[in-house]
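Top line first, the protein sequences correspond to chains A and B. For the first sequence, my numbering begins at 1 and goes up steadily by one. For the second sequence, my numbering begins at 1 and goes up steadily by one.
Source of the hints: derived by calculation from the structure; they are not laboratory data. Heads up, a few of these hints could be off.
Stated by the list, open to error - Derived PhoX-like pairs: lysine-lysine, alpha-carbon spacing no greater than 20 Å straight-line:
hint	chain 1	residue 1	chain 2	residue 2
1	A	129	B	306
2	A	164	A	100
3	A	56	A	164
4	B	306	B	318
5	B	318	B	388
6	B	340	A	274
7	B	306	A	128
Said to hold, decoys possible - Listing some non-contacts, in silico: residues in chain A with all C-beta distances to chain B over 12 Å:
hint	residue
8	16
9	48
10	101
11	145
12	211
13	217
14	318
Every residue, glycine too, gets a C-beta built ideally from N, C-alpha and C.
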Amino acid sequence: MSTNTNMAGGSRNNSKKVISWLLKNNTYLVFIGMITVCCILSSNFYTMQNITNLLKQNTIIGVITMGMLLVILTGDIDLSVGSICGAANVIVSVIATRQKMPIESAVFMALALGVAMGAANGFFIVFKKLPAFIVTLAMMTVGRGFAYIWSKGAPISVTAEGIKAISTGYFLWLPILVWFLIIVFLVIFFLLRFTSYGRIIKAIGSNAEAVRLAGLRVNTYRFSVYMIAGFLCALAGVLGCARTGVGSPLFGEGFELDAIAMVVIGGANLNGGKGDAVKTLVGIFIIGMISNIMNLINVSAYLQQVIKGLIVLAAIYLQGSNNKKTA
Amino acid sequence: MSENCSVEMRHINKNFGGVHALKDVTVQFYPGEIHSIVGENGAGKSTLIKILSGAYMRDSGEILINGKKVDPKSTFDMKKQGIGVIYQEFALAQDCTVAENIFIHRLSEKGGLVKWKKLNLKTKNLISEVGFDIDPTEVVGNLSVAYQQIVEITKAFSEDINVLILDEPTAVLSPYETQMLFEILKNLKAKGATIIYISHRLEDVIALSDRITVFRDGEKKSNFRRGEIDGDGLVGEMIGRNPDTYYPRRENIEIKEEVLRVENLRRGNVVKDISFSVHSGEVLGIAGLLGSGKTESVRLVFGADKRDGGEIYVENKKVKIRNPHDAMRYGINYLSESRKDDGVLLDLEIRENITLSDLRSVSRRLGVLDRKKEVKAVTKKVNDFMIKCGSIHHPVSSLSGGNQQKVSIAKTLYINNKVVILDEPTRGVDVGAKVEIYNIINEMVAGGLAVIFVSSEIEEIVGMCDIVIVIGQGRVMGELKAEEIEKSNIIGLSAGVKS
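Looking at chain B on its own, in the form it has when it is part of the complex (with noise of 0.2 Å):
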């Protein structure tokens, strides 16, 4: 079983804080082979691939690479190695050609000089082996996405990688690009190359692979072969723990008259059209894929983003909102997706990150901040949120992952709402952390408050959630209410397979 594989690992461990990102993982890849590795987010994908690639360090475990151990201490190491990975954001020059691109490394090679017709050459040909035509002198800037990807491949190939690791390729490509990338992959297989492929979209995976590899919850589960599982068996191989009491319950909340409502939002290519309404003491779910357009939907809501066209009405009334202030006027409220981006300030004080939305609250006249003021209001809030920190007078970098996020919330709900958009609120959150932040989401929604639940877990919106919309490529898929909300609904509709 082990030999003549390109890659083994062995017994991997990977621990970040308290999370056991990956536990005890043995899995093999083989040459000529593409070899898709599937799971929910979070169930340690990411975390494998970083590890192969020498992005990250294992904690412990073994990786050989045909047959001989290597430890990694970069991903320069592993290049070496014949390991490249093409993650989502890709890594070019945009303002170079294809040819500076791919030849980055080695642009001369005596004396400093460039022969550029010489490289231009190469280029090409380098390019035509992959299976393509692209002028090497194009700047990469101009190309289309999935001509971007290309060149990416082939910089990986010209680099002597036989191990190509594709995380999420698909996820910007529209389907005929996406056709272009499988005949580029089978290419490469043909001529002997390790393909490891990791992605959400099952139909794709299907088709694709020659082996699958399930992960759930950091393990491997489960093993396949081509034709041995079809999409159905893969989400049901994906679905691991009961949806149980894990999540606080909501006993008894009346669902009243309707806050918010958006019809035929529209932002560019992302963004095609999207409608949703949701009600005072309802929690609405927005569930999707990476790429899908989820956080961009909820972003023209909240006036974050210039909207293309659409309308938005609150308490049935059409509302202008070109902006966040707006939108704030309105009562309309935002958790940002990154508060490393825009969700906090970590270099200032706990206590004037929950204030910053309402300074008016803790000033007195002319603006002049009453500190008493603001330190009762943020220690009570504090408190509300058990928020565990040394002093409110710490910076919020001082934090935990999680204590972050909730400063990112208490600040967002430190202002009375009608509506709150919550993206990703329990993003980077230890278990513990995330019950007490589903309390007080539930909390806030038996006083009457409309919540949209924006995540990519699925759990959490099948646990949290009354109303489900799941978003597509800019567009809503379909729409589950009550016992309808379960995992392989969601992951049906998301994924595109029709259940």
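Chain A on its own, in the form it takes in the complex (with noise of 0.2 Å):
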């Protein structure tokens, strides 16, 4: 290549390095993109009390999502989560009210519940090798009727201290709630920078036999993972109860489609090995801007639907010439 090119498109060069990078990472200029839109749209977007809405309404699905996000890395699925969340905001509310037992070993119960359940799903995945999306619907369908079977298809208020506090209380200008997605992002975050754990599970989603014979043991990993998952999930419907103080067996229903929605908008290929924290994140906040903008402008709630499997669709066919080595 000849220097002159290169002298004529100093600048150009550069801007054209960027406008690629954004491309390339286009859950970023989708995310600038829907602010600035919101913004447009109506004035009280950006106003303390309604980012504050705004992080507070995905806190939940947000937890969610970021175990999904370590699943759909391994290369396998979940359409379970919403179901464990919504078995685990029951058990909680039912022990801490019916079982008079303390907040505390409540919530413990849920988190192993949620435990379990991935571990069930996991077993059946992993060592028994039934294809994960059959399995997690089974885990999703029995899931959801245990939480019918123990709330006796009815919601249970829960009144007990600890739970009021986390969905009324703040710390350094965020509410308690909030911080438990911080916490979690920051630690799935960390593990999938930052330790091999994380570079394992990408590295499994990515080619799980060269794994193997690289003599890691995959099958441990994987079902880690939907253990983890269950955890998250657990921890999810427990918050759940924290906010609206009340447990109820139709928590969670559809939560599922809009966690792989988020990890999907946030870069992650759903054949596994790519996906980060950091986007994932973003993509949460993405799709929930759409509820929290719509809701703002008085958008009827089925329009919504329809406007929100729109965007995702879109922004799916930016990622399409991204993802087409993989596909």
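Take the two lone chains, each set in its own frame, and fit them into one complex as the hints suggest.
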């Protein structure tokens, strides 16, 4: 290549680089775009009140999505996340009220339930080698069923002290509830970026067979991911109970699709091996902003569904060229 | 000479990157004949066939079908010209019936409805024309491999193929089934078809062929008619360059105690009875044709597949190896035969690939990675193995084939092993990188490593190994030591020709 082109296109090259970076990491592009649109559509968007609401509205689904990110990174899927969340939501309220146990025990048992359900998923998928889609679909139904049984079909009010504090308290200008998302995010981010566990998870999604031949125990890692996802879903369920003050068998319905959409908008590849925590967090709020702004400008809930779906489609289309290799 | 030929290829050239796969090849094929092409791996047979079938585009030269020039852009173009290929991996839908497979393009006549009775009858007739009797409603997946092959051949013929190319068709067939195939081919030949047959089984080739062409190093070396040559002669024609100083020598390496011994390894129908041993400082070569079971055998040693029977001893102690993790604990490591499938992680960085087997070496407590340590360790390996890359943070997919292979090797040799199994270590690697890899292997061996070198490139085996075993059809066909290790012996043992 001649030097002429270089000299003439000096600054053009730089902006070309930025543009190509933005296109490759188009999650950020979409995010900026969304914020712009939202600010234009409603002057109420960029208020402290609304931003706080936005954060609170998406903490619970956000925690679930972080767990989903891990599962998708290993190349698996988990459709039962909403149900595990709902089951935990119900069990924490049932144990706290009907069994009259201290809230701490109730929380502990709810979290244990989540881990157990995740372990069940992992057992059938990893060790019995059944398809993840079907196993977690079954777990989704079973989990929801248990939620109905335990709650006897009706929501349960929870009035324990500790719970209330989470939903109303503040720490460093942010609701305590939101801090849970921040901590989960930081842990997952650190895990993926800086530990060998995170490296191996991504490697498994990229080529599980190669990792097995490298002498690593692939099954153990895949199983652990389902347990972590189960734990995070249960945590989300408990947080849901804290936020609403109620344990409901309906809680978490539809969360699995939102979680998958958020992970995918965050640039992850459903085949595994590609994805990161920061972009997933951005993805959570891109989708979160859609509902938020629609509410602010009074769009009907039904139309919201349609628009949300279209935006997800558009975002995936943008990523289409980046994912061609792995598709 | 050129009249009456059904297919003529003139002055065909094909280059892949730096590799000149076909050099000015001119060859003619005639109707009513079985014309075999023989040659070692890399000689150019597959490339020629792929150009003829339309799968590859030639760089220069002409292809004439029945005297008329053709310029195919795809396999579809060539199919229209009447040229069809049967590859080793059949292109059949395993869950569909025979009739559905054969008529897959044209199941219904008008209006989209399928007339099954008519279709099945048509299918039955076609198959009997080929000389067989198979139930057209039988699901293909239930048929034996040999019968599936017959379905493939029938399919080709129903599509007006009159030039049929078969690439290593008998690699997966039993002797009885091989005879069945030959009957069919003779039948088709009598009907005027042109049959192009590629195989390593020289005895079969000699019995079957009306004409034999020998390829070597991308060139057509010689041509024989039936009866003009025998097994030994063919082997002699296929042997090319002197097994020369192309392979770096190992001097004064002491071969010490036995590191690994395997006895009576068995798995399904592919590995029937494999036993061998290897010592520290020694390179044991394992040769054999495609489908001989050599890769499957060594994978059993590494625990990559579960064995049905046999024992493994490391340093004379019996060990339990159920998976690669176990094997590596005992100091056994394996370089995968196909880096793309399971050798390297293409999307991950070079750095992430190399340290994968031993992340603990570059971690601090609790599994937190020590980036500085990792960069240092990987940079050293990249230098040692002469991997040419922009940066160790680039994905492996950005490297050339040869360098990708070096990453795979570096990954395998990253930890200290007692014995390393290298399966086709120089596959897809250019000449320069090959020598570098041989040097690396020699250095490791000098350090006391035991190496099991599996390869289908005979010259490599001859140039690098102290002892060679030849595997065929799941068994050890023979063992060669020192001076006995030379090309014709290995080819002979592999092909079943007694030399």
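Structure-inconsistent hints, enumerated in ascending order = Checked against the structure, the hints that fail are numbers 5, 12 and 13, while the rest are satisfied.
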